[in-house]
Each structure stands twice: as structure tokens, then as C-alpha cells.
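Protein sequences, first through last, are from chains A and B.
At the far end of the first sequence sits residue 359, using this note's numbering, and the numbering has no gaps.
At the far end of the second sequence sits residue 1314, using this note's numbering, and the numbering has no gaps.
Please note: incorrect hints may appear among the correct ones.
[To be verified] Calculated pairs, EDC-like style, for lysine to aspartate or glutamate (alpha carbon to alpha carbon, straight line, at most 16 Å):
# : chain 1 : residue 1 : chain 2 : residue 2
1 : B       : Lys1089   : A       : Asp92
2 : A       : Lys176    : A       : Glu189
3 : B       : Lys1131   : B       : Asp1067
4 : B       : Lys1268   : B       : Asp1251
5 : B       : Lys1268   : B       : Asp1288
6 : A       : Lys176    : B       : Asp1085
Since the hints were derived computationally from the structure, they do not count as laboratory data.
Since the structure is predicted, the reported quantities are computational estimates derived from the model, not experimental observations.
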Amino acid sequence: MIWLWCTQILAIVRLEMKKTFFSRRGLWVYLLAFAPLLLFMCHSVSVAHRRDQLRQIAAEHPVSREDLSAIQVGMTRDQVAQKLGEPYTRLDRQHRDGQSEASEHSHWKYTDGETDVHLFFRDDSLTGIHRNELDTLPRVLQIFAGVFQSYYLRLAVFFGCVGIFINLFRGEMLDKSLHFYLLTPVRREVLLVGKYAAGLLATVVIFTSSTALQWLVLLWQFDHATVAEFFAATGWGQFSSYVAVTALACVGYGSVFLAVGLLFRNPIIPTAAVLLWEGVNPFLPAALKKISMIHYLQSLCPVSPAPGRDVPGFIHLLIAPVQPATRSMAVVSILVLTLVVLVVAARLSQRMEINYSTE
Amino acid sequence: MSEDRIILDNVSRFYGEVLGVNRVTLSIPPGITSLVGPNGSGKTTLMNLITGLVRPSRGRISVLGIDPSQPQRLFRFVGYSTQFDAFPKGLTGSQFIYSYLRLSGYAAAECRRLTTRAIEQVGLTEAANRKVAAYSKGMRQRIRLAQAIAHDPRVLILDEPLNGLDPLVRSKTITLFKQYAEQGRHVVVSSHVLHEVDMISDQVVLMSGGYIVAEGRIRGVRSEIQEERPMQFLIQCRQPSLLASKAFEQDHVVEARLLPESEGVLVKTRDADRFCRILNHLALAGIDIEGVIPADDNVHSVYEYLIGGEEPTQ
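Looking at chain A on its own, in the form it has when it is part of the complex (with noise of 0.2 Å):
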């Protein structure tokens, strides 16, 4: 028996695949899954660029970054061009406010390879500096954490999930042609796992093989050395972390909107509850985090993005649970929440009519 059914399964997911991957319905699934792929490789190619720039400057006129650290507001143009020598650009004006004298404004760039440095002087005195560092690894990796947490599971993979799962029994009431499944001797528990499977070879596919490209675009930017050595200590275990993450995202999410497509003809507005339910998960009691699959989900991230300058306050709420729940706990978690939703949503498969006149 079991034989038969796993060979229904698999009759199923080769039924689907072409629908899953392939329909002009689901492209912009891809949209989602690949936008962050694009942005990070325009990052990186850009960075690269610059980096290379900097570098040939730094060729051209070199200038130690012990050097350029110990440059210190106050020093006068003749102190900084005896330490540093010339500077690769430099810009001289005179300015006048109102009636008052006019001064001589200065800005001049030194670069070491890695770092841009723009010196401002008001008449003979330094008043600024402004350093342009070029990314780190360790800057790098905060990046993806933060786009990862905020964007990819939040928005990326929920909605992706939505438009597969919600797809494999509503798409086909509406094309009037899920009766052909009802009509084969396939228990309804066997099809609905069937589905289930079909969706989430097609949403692991697609999500986990942007997430690691998107790992590989950004570190592309790094020398091979750089790279090698992080890989060596953590990189190998964040990397799997990242791909499983995305993997459980899709097994948790795509349980829950299975479930929506199987019971609402309108999945709008369970769809719309779900995703306010995840969005309001920061600011709820700790009890009620653990109803829900991003609590899991950003507790299994290997890194917890910095709260950044630039990051406000509200945003590092979202991709940074207060009190994450243990690797093991998480893991048992969103495969409980999983489970539980699909024998439900089994259960209530049994119940499945054709009426297609009220679609």
C-alpha cells in the first residue's frame, strides 16, 4: 500500500511540475526569489568596479592606511602633504557668506585601495573627514542577514508560497480541472500530499537556489583568499544554515497556504491574516511568538543583523527576535506546526466537492 502511494505521489509531482515551475502564472514568483539575486550582483559588480578603481589609484599614488588613520581634524594642508603627500583629486575655492571675508575651501580625496578618504579644509585648517570604506566581509554578511530576515522570508518566500501552495488546488478549481485527480482511485490524503510535495520541490528549487546564489554574488566580490578563509572557519556552516532556513520557510509556509487554498475560495484574506500575524510577531508576548513560523525561522539564522546607524529602530524589531528559541526547539517547531496543519487540512480534504458553477 505504501508502495502505491508513494508512486501516486510521484505520478502527482510529475503531473504539477510544469505548473509549479513553469506557469506565466508563477512568474513572478522568480520576480521575488531573484530581485534580491539582482540587486546584491549590481552591488557587487559595483563594488568591484570602485574597489579596482581605488586600487589603481592607490597604485598611482600610494598612501599606507597607517598614514591615513593618523590624520586628525585641525592639521593644516602643508601638515597633511607632508604626511600623505599629494592627494589623487583635490578641489580649491574661495567662498563668501554675506558680507563677511571670503574663505578658502578645500577638499581633497587619498585613497589607499581599500578605504576612500575626503579631506575638507576651511582655509588652512582640516574640518572633515569622511572616510568611504568598501565592504567587508564582515559588513557583507550583516547586509544579507538583514535583507534576508526582513525581506527574503518575510515578503519573498511568504509570498512565493502563496502564489505555488495556494495555486495547486484553487488554480485548478478555477481552470476546472481538478475533477481529473477526484476521478483516479488516489485517496484524497495521498493527493493532498502529492500537491503538497509538487509545491514544495518547486519552492525549495527556486527559493534555496537563490539564497545560495545570492551568498556567492556578494562574496564574488572578495579575493579568493578572503573567501577561502571564511569558508574554512564559519562559512561552509552559515551557508547550509541560510539554504536550510529558506528550505523550512517553504515546508512551514507552504503547509499553511496548501491549507488556504484547499478551504477558502477568496484566499485574500487568510493570506492578508497570516502575513499581519507574522508582521505583528515582534511586538507580541512570548507566548504568542511561538504560534508562528518566523519566530522559528529567525531564530535558525546564523546571524543576527546589527543594529546599524542606518537601520531604524523598527526594522531591527523585525529581523531580530528578543528571545530566540533554541536550533533544535525551532527545527521540532515549524515540523510540529507543519504537520499538524496538513492533517488538518487531510482531514478536510475528504470533504472536497466539484462544484465549479460557484467558483
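Let chain A serve as the given structure and place chain B on it in line with the hints.
For chain B alone, coordinates are given in the frame of chain A:
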């Protein structure tokens, strides 16, 4: 007995406040059974109930002893060709049949064999590798039929199966149904085209407004209502006036009308059997009878007598 029949026991189905079917009690034996009725009379609902696509609000259904709520058992021996003219996207005719056979658990080689056979049976071999989306209406009808018969079911449920078929294919399809019936299988066909029903049915179920109006062999149904609706015979003979006067002497004959241009006599009788015996006597007595044609012993007449205004297509 129930192992050999499709049984509906006091079955009702409501869609909210809308009546689908009401208090339907039927026992369908092997052979071709036609569900006849106008649009909205409940034929499709009845078929959906038998196949478990909808569940009864009340009552009990059993298909050869199996509850339709167990698709894993039911569709081992039931095939259903619905009226829904939609298909899974992107599949060719043979992929469509093959995929759903695989779902039934058959091995790949067996699925290929059954697919080829089913497609041959409905005459779609040449179009088997074309996308179903590119099929004509008649071809889509046939591929649905192929899907229903692919696993060689003992019970075949067909919702308006002859719609959109050209006369040649229609005739072949009817032959296929007859072959199934001759093999002792159940073929339940819905139709609103009465002359087709007349041609193929062993028994009919007349439906109107969600109710069963009459059921049984068409002649049986006809004789049931001959008190209120006397049966009509068209008798062609050389002495129509004599025959008319002799016939009218019988107390069960309510009308004997001479037809113009010597077409014969139209006789209405409340007892068809006795009238046929009288005709034998008259023939022996020397009246030259050339032909006796039952004029309203068909589904259309029965339907009209029972249901009246809601007339299906003749």
C-alpha cells in the same frame, strides 16, 4: 444484489437553498441507462453524486457495493466522462491519458498499452501527440471518453457523451456503449437528445426539477401511463374504415381516426396488449393489415406526457 447495482437510497442534494436532486431512489442494473431531462433537471448532479464529486445532503449511495466517498476503491472500476470542457494545461492527448493512468498506480508499460488502446477506441490515434488545447470540441469530447474507458471500467458514467461528435463518430461511440452493455457492464448516459436515448437505452430515468419522474424500460414506463395517456398505433391497411369501426367496438379503444390520403388509421387504446390480440383476430378475419407502428411508444412521447413543457431536444 447491491454488488451488481448502482443504488441511490432517498438521496437529496441541496446547494444552499437551491435544489440539486431530491429524494432520489434508484437501483440501476447493468446495461445502458439513460438519464433524460432538460437543463437543470439534476442529471449532472446525480452523476456527480454517484462518482463522489459531490456528497449527498441526505441519503445513501452505493456503486456495486462501494461508497463513493472511497475514491481509492471506486475508481478502480468506475470511469466518468464529465461535461467540464477543461483540461490540465500543456498535455498532449496521450500524455493526458497516460498521466492519469500512472496516478492509478499502473506500471509505465501497462499505462502505455492502455493509453494506446483507449485512444484507438475513440479514434484519436492520429491526434494523440497533439496538445489537447488544440483539439476541436468533438476531439475533446472523445479524449475525455478515452480517459474514462482507459482502465477498462465495469461502470461507465457519461455526461452528454455524444455532444459535439460528428455522425460517424457518434455511431461508433454508440456501438462502443452497446459493446460495454453487452459485456454486462453499467453504462449510465445523460442526454437531452431523445432519439439518441431511444436508440441506445435499455432503461431510462426521466428527471425534472431534481426529481425522478419515471424510470424503467421505456415500454414499461409507457404502459404505466396508458390509463391517462392511451397508447397510439398507426395501422396501415387496405380497408381503413372497416378497421376503424371494428376497433372502435372495443371498450378499451378511445379513439380511431382515419388519416388523410389513405395513410391508415390512428388508434388510441388504454390496453395495448388486448388491442394487439384484436388486430390478430381482424387479420385472420380477412382485413389486410400492412403494418402496425406504435406512434408514441418512445422516450420523446413519454417525456412529453410526463414532463410536458420543459422539452428537451428531439
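Status of each hint after checking the structure:
1. Of the pairs offered as hints, the one joining Lys1089(B) and Asp92(A) is violated, with about 69 Å between alpha carbons and a cut-off of 16 Å exceeded.
2. Simply put, Lys176(A) and Glu189(A) have alpha-carbon atoms about 20 Å apart, too far for the 16 Å limit, and the pair is violated.
3. For the suggested pair Lys1131(B) and Asp1067(B), the alpha carbons sit about 35 Å apart, so the restraint of at most 16 Å is broken.
4. The straight-line distance between the Cα atoms of Lys1268(B) and Asp1251(B) is roughly 11 Å, inside the 16 Å bound, and the hint therefore holds.
5. Of the supplied pair hints, the one linking Lys1268(B) and Asp1288(B) is violated, its CA atoms being roughly 20 Å apart against a limit of 16 Å.
6. Of the supplied pair hints, the one linking Lys176(A) and Asp1085(B) holds, its CA atoms being roughly 8 Å apart against a limit of 16 Å.
In summary, the structure is inconsistent with hints 1, 2, 3 and 5 from the numbered list given earlier, while agreeing with the others.
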